[in-house]
Amino acid sequence: MTMFDEKLESIFKIKKQQKKEKIEAEQSVMNFKVRVMNLLEIYLKKQSPKNNILVFKAISELSPLLHRLSNNSKQTNLYNKLKTCLGAIRKPEAHTEYKLEGEILKKAVSLSTEALDIVNKTARKANLKDELNLYTNLSLYIVKFIVNLESKNVGIGGEIAKQVSNLKETVLSSYKTMAKDFFTKKNTKLQFSYFLPIIAHFKQEPLDYLPFSVGLIISQYTNISIAVNSYRVTEAYSYFSELIKSNKHLITASVQDGSFSDKKTWFDWLPVVSSALVGNINETVSVKEDGSTVFSNDSKMPIDRLSQILKSFHTVVSTMGLPQVCGKNGFVEYVKNQSGVEKDNKNISELQNVLSKLAQTAKQNKKSSLANASNSILSVIGTTKPVNGSVKRKTPTEEKKAEQNSIKENGKKKAKKSKKN
0 MTMFDEKLES IFKIKKQQKK EKIEAEQSVM NFKVRVMNLL EIYLKKQSPK
50 NNILVFKAIS ELSPLLHRLS NNSKQTNLYN KLKTCLGAIR KPEAHTEYKL
100 EGEILKKAVS LSTEALDIVN KTARKANLKD ELNLYTNLSL YIVKFIVNLE
150 SKNVGIGGEI AKQVSNLKET VLSSYKTMAK DFFTKKNTKL QFSYFLPIIA
200 HFKQEPLDYL PFSVGLIISQ YTNISIAVNS YRVTEAYSYF SELIKSNKHL
250 ITASVQDGSF SDKKTWFDWL PVVSSALVGN INETVSVKED GSTVFSNDSK
300 MPIDRLSQIL KSFHTVVSTM GLPQVCGKNG FVEYVKNQSG VEKDNKNISE
350 LQNVLSKLAQ TAKQNKKSSL ANASNSILSV IGTTKPVNGS VKRKTPTEEK
400 KAEQNSIKEN GKKKAKKSKK N
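Mapping to numbering that gives the first Met the number 0: the sequence shown position 96 is 95, numbers consecutive.
Hints in this document: simulated from the structure, not taken from any laboratory. Mixed in with the good hints, there may be bad ones.
Keeping only pairs whose Cα atoms sit at most 30 Å apart, straight-line, the calculated DSS-like set for lysine-lysine is [stated by the list, open to error]:
{"id": "1", "residue 1": "Lys143", "residue 2": "Lys56"}
{"id": "2", "residue 1": "Lys14", "residue 2": "Lys32"}
{"id": "3", "residue 1": "Lys262", "residue 2": "Lys188"}
{"id": "4", "residue 1": "Lys90", "residue 2": "Lys179"}
{"id": "5", "residue 1": "Lys202", "residue 2": "Lys44"}
{"id": "6", "residue 1": "Lys32", "residue 2": "Lys45"}
{"id": "7", "residue 1": "Lys90", "residue 2": "Lys244"}
{"id": "8", "residue 1": "Lys80", "residue 2": "Lys49"}
{"id": "9", "residue 1": "Lys247", "residue 2": "Lys143"}
{"id": "10", "residue 1": "Lys179", "residue 2": "Lys128"}
{"id": "11", "residue 1": "Lys32", "residue 2": "Lys49"}
{"id": "12", "residue 1": "Lys32", "residue 2": "Lys90"}
{"id": "13", "residue 1": "Lys45", "residue 2": "Lys128"}
{"id": "14", "residue 1": "Lys188", "residue 2": "Lys82"}
Cβ-Cβ distance ranges computed for the label pairs, FRET-style [said to hold, decoys possible]:
{"id": "15", "residue 1": "Thr176", "residue 2": "Ser285", "range": "28 to 38 Å"}
{"id": "16", "residue 1": "Val33", "residue 2": "Thr251", "range": "29 to 39 Å"}
{"id": "17", "residue 1": "Asp180", "residue 2": "Asp297", "range": "19 to 29 Å"}
{"id": "18", "residue 1": "Lys327", "residue 2": "Thr251", "range": "13 to 23 Å"}
{"id": "19", "residue 1": "Thr183", "residue 2": "Gly339", "range": "20 to 30 Å"}
{"id": "20", "residue 1": "Leu64", "residue 2": "Asn352", "range": "54 to 64 Å"}
{"id": "21", "residue 1": "Tyr230", "residue 2": "Thr176", "range": "50 to 60 Å"}
{"id": "22", "residue 1": "Tyr230", "residue 2": "Ser164", "range": "30 to 40 Å"}
C-beta: ideal position from N, C-alpha, C; glycine also.
Could you put together the complete structure from these sequences and hints?
Dropping the structure here:
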C-alpha cells in the first residue's frame with residue numbers, strides 16, 4: 000500500500016510539472032508575440048505617414064486576425080495589443096510622394112486595393128464598436144492613398160495612367176457594397192459612423208470627388224420603400240446635412256467666382272433626395288375620401304423620424320435654395336432641371352404640395368415642431384406664408400415683446416378696476 004501511495008504521489012508531481020511547463024510555454028509564446036507586435040507598432044508608426052506600400056500588406060494580414068481574436072476571450076491581451084498596433088497607423092505627411100513608376104506602382108495598386116477589400120469585408124463582420132472604428136480609420140487611410148495615387152498619376156499618360164485610371168471606380172464600388180449592407184440588411188454589423196467621417200477626412204479634396212460621389216450612392220437609400228427601416232433613412236439624410244454644412248463656404252465661393260454652373264455633377268444626389276422626401280411624407284400622411292389628411296396608423300415612417308429628416312433637408316435647402324444658387328425660377332425648377340429621371344421630376348413637382356399637406360396635418364394634430372419644420376422648408380423653396388394657420392415660432396425678441404405687452408395690459412386692467420372701486 001505504501002508503494003502504491005508513493006507511485007500515485009509521483010504521478011501527481013509529474014502531472015503538476017507538465018501543467019506548469021505548459022503554462023510557461025504558453026506565456027513564453029505570448030511574450031514573443033507581444034515583442035513582435037511592439038516592433039511592428041514602431042514600424043507602422045514610422046512608415047505609414049510615408050505611404051510605404053508594405054503597410055498595406057500588414058493591414059491585409061492583421062485585420063482578419065484582429066477579428067478572430069475579438070471572438071476569443073482567452074486572447075484579450077493579444078487583441079488589445081494588436082488593436083494598438085494597427086491604431087498606430089498615421090495619416091500621410093503633407094509632402095508625401097505619390098508619383099510611382101514601374102513595378103512599384105503596379106504593386107502599390109495591387110496591395111492597396113486588396114487591403115481595402117479585406118478591411119471592408121472584415122468590417123462587415125465586426126462584433127465590437129472599437130473594432131469597427133479601427134476598420135473605419137484603416138479604410139480611410141487606404142482610400143486616401145488610392146485617391147491621391149490616381150489624381151497625381153492619371154495626367155502623366157501612357158502605361159502609368161492606364162494602371163491608375165479605374166481606381167476611382169474601385170473605391171466607389173467598395174462604398175456601394177458597404178452602403179447596400181448597412182441600409183438594406185436588418186442585422187448588419189456596420190454603423191453609420193463608417194460613412195460620416197468621409198466628409199471631414201476629404202474636406203480638402205476636390206469637391207467633385209469622394210464625399211459628393213458617396214452622397215450619390217447613399218441617396219438611393221433615402222426612401223423608406225428601399226431602406227430597411229426609418230432609422231437608416233434618417234441617418235442617410237443626416238449625411239447630406241453634414242455634407243452641405245461642411246462645404247457651404249466652398250459652394251458660396253464657387254457661386255461668387257462664377258464656377259458653380261460648371262459643377263452640377265456635385266449635386267446629382269439632390270433630385271433623388273428631394274424625390275424621396277415626397278415618398279416619405281406620403282408614407283406618413285394619407286388623404287381621406289373627403290379630401291382631408293391624417294397621419295397613417297400603419298406608416299413605416301414614424302412622425303419623430305420624419306421631423307428629423309425635415310430638419311436635415313432644411314439644412315440642405317437653406318444653402319441650395321438660395322437665389323444665387325438655384326436662380327430666379329426657384330429651388331423646385333432647379334432640382335427638376337438637375338434631374339433627367341421622369342419619376343423624380345414628377346415627385347419634385349409635388350414637393351410644395353405634400354409639404355403644405357404635412358404642415359396642415361401637423362397643425363391639426365398639435366405637432367408644432369413638424370409644422371414648423373415643413374414651413375421652414377416651404378419658406379425657402381417658394382412658399383413664404385405659413386400654411387393654413389400653422390404655428391410660426393416666435394424669435395426670443397418677439398417673445399420678450401409679447402411678455403412686456405401682456406404685463407402692460409394686465410396693469411391697465413388692474414388700474415381700471417381700482418378706479419371703479
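Verification of the supplied hints:
Only pairs whose Cα atoms come within 30 Å are accepted, and Lys143 paired with Lys56 is accepted, the gap being roughly 16 Å. Straight-line distance between C-alpha atoms of Lys14 and Lys32 comes to about 27 Å, which keeps the hinted pair within the 30 Å bound. A threshold of 30 Å between alpha carbons decides the hint, and for Lys262 with Lys188 the separation of about 36 Å lies outside it, so the pair is violated. The suggested pairing of Lys90 with Lys179 holds, with an alpha-carbon distance near 28 Å, which does not exceed 30 Å.
For a cut-off of 30 Å, the pair hint linking Lys202 to Lys44 stands: about 24 Å separates their Cα positions. Proximity of Lys32 to Lys45 is assessed by CA-CA distance (about 20 Å); at most 30 Å being required, the pair is judged to hold. Distance restraint check for Lys90 and Lys244: the Cα-Cα separation of roughly 24 Å lies within the 30 Å cut-off, and the hinted pair is therefore satisfied. The straight-line distance between the Cα atoms of Lys80 and Lys49 is roughly 23 Å, inside the 30 Å bound, and the hint therefore holds.
Distance check on the hinted pair: Lys247 and Lys143 sit about 22 Å apart at the alpha-carbon level, within 30 Å; holds. For the proposed pair Lys179 and Lys128, the alpha carbon gap of about 20 Å is at most 30 Å, so the pair holds. With a CA separation close to 26 Å, the supplied pair Lys32 and Lys49 stays within the 30 Å bound. A hinted pair counts as satisfied when its Cα atoms are at most 30 Å apart, and Lys32 with Lys90 qualifies at roughly 26 Å.
For a cut-off of 30 Å, the pair hint linking Lys45 to Lys128 stands: about 27 Å separates their Cα positions. Between the alpha carbons of Lys188 and Lys82 the distance comes to roughly 19 Å, so the proposed pair stays at or under 30 Å and holds. Between Thr176 and Ser285 the CB atoms are about 36 Å apart, so this pair conforms to the stated range of 28 to 38 Å. Our hint of 29 to 39 Å for Val33 and Thr251 is violated, since their Cβ atoms are close to 52 Å apart.
The supplied range of 19 to 29 Å is met by Asp180 and Asp297, whose beta-carbon atoms lie about 28 Å from each other. Between Lys327 and Thr251 the Cβ separation comes to about 18 Å, which falls inside the hinted range of 13 to 23 Å. For Thr183 paired with Gly339, a C-beta distance near 25 Å keeps the hint of 20 to 30 Å intact. A hinted range of 54 to 64 Å holds for the C-beta pair Leu64 and Asn352, which are about 56 Å apart.
Taking 50 to 60 Å as the suggested C-beta distance range, the pair Tyr230 and Thr176 does not conform, at roughly 21 Å. The hint said 30 to 40 Å for the Cβ distance between Tyr230 and Ser164, and at roughly 38 Å that hint holds.
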